[in-house]
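*Asks:* Assemble the whole structure, with the sequences as input and the hints as a guide.
In the order they appear, the protein sequences are chains L and V. No gaps in the numbering here: position 132 of the first sequence is 135 in our numbering, and each next residue is one more. No gaps in the numbering here: position 84 of the second sequence is 266 in our numbering, and each next residue is one more.
Pulled a few chain L residues facing chain V out of the computed Cβ check, cut under 8 Å: (1) 157; (2) 159; (3) 164; (4) 166; (5) 177; (6) 186; (7) 190.
If you want the footprint, here are the derived chain V segments under chain L, 3+ residues with CB under 8 Å: (8) 195-209; (9) 357-366; (10) 370-382.
Some residues of chain L that are not near chain V, with every Cβ distance over 12 Å (derived): (11) 33; (12) 52; (13) 86; (14) 99; (15) 271; (16) 281; (17) 290.
Quick caveat, the hints were computed from the structure, so don't treat them as lab data. Backbone N, C-alpha and C define an ideal beta-carbon position, used for all residues, glycine too.
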Amino acid sequence: MRKVLIAATIAFAAMGAAAQADGTLDKIKSSGIITQGVRESSGLAYTLGNGVYTGYHYDVCQNIIADIKKKLGVEKLDIRYQPVTSQNRVPLVQNGTVDLECGSTTNNKARGRDVDFATTVYIEEIKIAVKANSNIGKLEDLNGKTIATTTGTTSVQTLRKNKRGKDLKFNEVFGKDHADSFLLLQSGRADAFVMDASILAANIARAQNPKEYKILPEVLAVEPIAIMIRKNDPEFKKAVDESIAAQIKAGTIAKLYDKWFMQPIPPNNVTLNMPASDATKEAWANPNDKPTEDYKQPGE
Amino acid sequence: MTYWQDIWDRWQFLWDDRGDGVTYWQWMFSAWGYTVSVAAVSLVIALAIGCLVGTLRTVSQHRVVSSLATGWVELFRNIPVLVQLFLWFFVISEIVPGMRGVPSFVLACCALGFFTSARIAEQVRAGILALPRGQRQAALAMGFTQFQAYRYVILPQTFRIIIPPLTSEAMNIVKNSSVAFAVSIPELISFAMQTQEETSRGIEVYLAATILYVITALAISWFMSILEKRARVPGLSSQGQGAH
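*Replies:* Structure representation (structure tokens):
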């Protein structure tokens with residue numbers, strides 16, 4: 004499977020070279036089609052099965068597309084949904100397969116060389132989940148303990164930096180996905196699970212007994228999660244950013260946040276119960292598209 | 183910027199520090215080391231058990247022994263390797279006392295080794311059955327015991343016959359070792375998944391991992407073909423049959 008993925012990625016990258024350089028807005032207007040990149044399972048966008056997608060970023064993008072349709076003055080605009088993974092999302096945006104990637108992509112400088120990001124409407128915080136009955140209260144308490152995190156996430160990097168910076172000694176175990184990492188915590192193979200707060204909250208909410216777990220208040224890192232668009236397309240970026248600015252101003256974003264993080268959500272009607280963090284509120288107050296590197300990290 | 187300059191720049195991440203004083207290329211080779219180690223240890227387990235079980239399956243006098251061996255093969259051949267790995271990691275190590283502290287490296291090697299042992303057992307059995315029945319009968323008629331007949335007549339020919347399918351198995355085990363990332367072993371796939379996230383250089387990272395897998399597999403293929411040449415007995419008729 005992985006080999007196929009690699010082959011596909013290489014093939015897509017090759018196609019990227021041949022992608023036309025016309026503006027995305029012109030392409031959307033002439034074809035009457037906009038392609039939204041969606042995720043199968045991630046915190047801010049996921050599938051309900053049968054090709055139906057949903058989530059906080061999904062809803063934000065639906066509003067953006069409605070605004071673009073109005074702006075272009077077209078009668079009919081078909082929305083195509085292209086599922087993406089963390090491996091192929093950047094190449095698919097680069098080569099124009101996806102116009103608007105609405106998953107949970109961290110805006111950082113490395114990606115900024117290949118793609119552009121829209122205005123941030125959600126700031127993720129990396130936090131620690133532990134068993135409620137454990138006496139772990141902060142990162143330092145994890146000295147000598149085992150910490151679970153998921154392969155292929157920025158949390159691995161965050162842990163690595165903390166290990167070096169604070170001279171902590173802990174074992175790391177890596178789940179192949181978030182469910183796996185949570186199982187490591189649940190089965191006692193790990194004493195803590197370090198991950199994006201929204202993912203921790205979602206896993207705890209879906210656990211057999213959510214009361215058995217708690218999320219520590221300490222924030223290990225903050226990361227802006229943003230909608231990804233093709234690089235060097237100022238007209239399209241302007242249209243997307245204007246729509247987001249309008250949504251923030253109208254209070255739509257705050258309402259969507261409430262819908263996805265404070266109310267019961269599909270498919271199993273659990274509530275994440277995650278009030279907007281100060282960092283997220285700050286992003287709404289001063290809309291920007293700064294990468295992670297420009298954020299002040301805790302402990303710096 | 184020229185085309186080649188651009189490509190060169192895209193590979194620069196290999197020299198970057200991943201955040202704790204280790205560069206990505208150092209990490210990549212350590213990950214390759216884990217891939218090779220998991221594969222090598224698993225292969226040793228698989229060969230030892232596979233040869234034993236495959237041989238026992240052909241022992242016709244002892245029904246119980248041969249059906250136990252058959253049971254082994256069916257058990258480990260019919261469960262997907264990833265499922266077996268999780269069974270070892272989350273189930274067996276939970277319910278068997280004292281298994282809790284066993285490192286995941288050992289569990290992964292057991293899972294992969296047992297899975298492959300079932301496949302190797304089948305090849306050993308096929309190799310034994312490919313020999314003319316007269317070989318065994320002649321050995322017994324000469325006064326060899328059952329054990330001696332296997333040791334001196336049947337198995338030496340069998341192993342020569344099954345070198346080509348064993349080559350495939352050895353290459354398979356290298357590729358299958360990629361499932362070990364699921365139990366937190368820092369091998370090539372886990373390196374690739376993590377590094378492509380950290381550096382956004384997915385194409386380069388997977389390309390590098392692919393090349394290392396190909397190199398490993400080719401090395402095995404080359405080694406086995408030398409082994410096959412060295413082990414060849416001139417004029418032995420079954421050599422030709424085995425290559426089919």
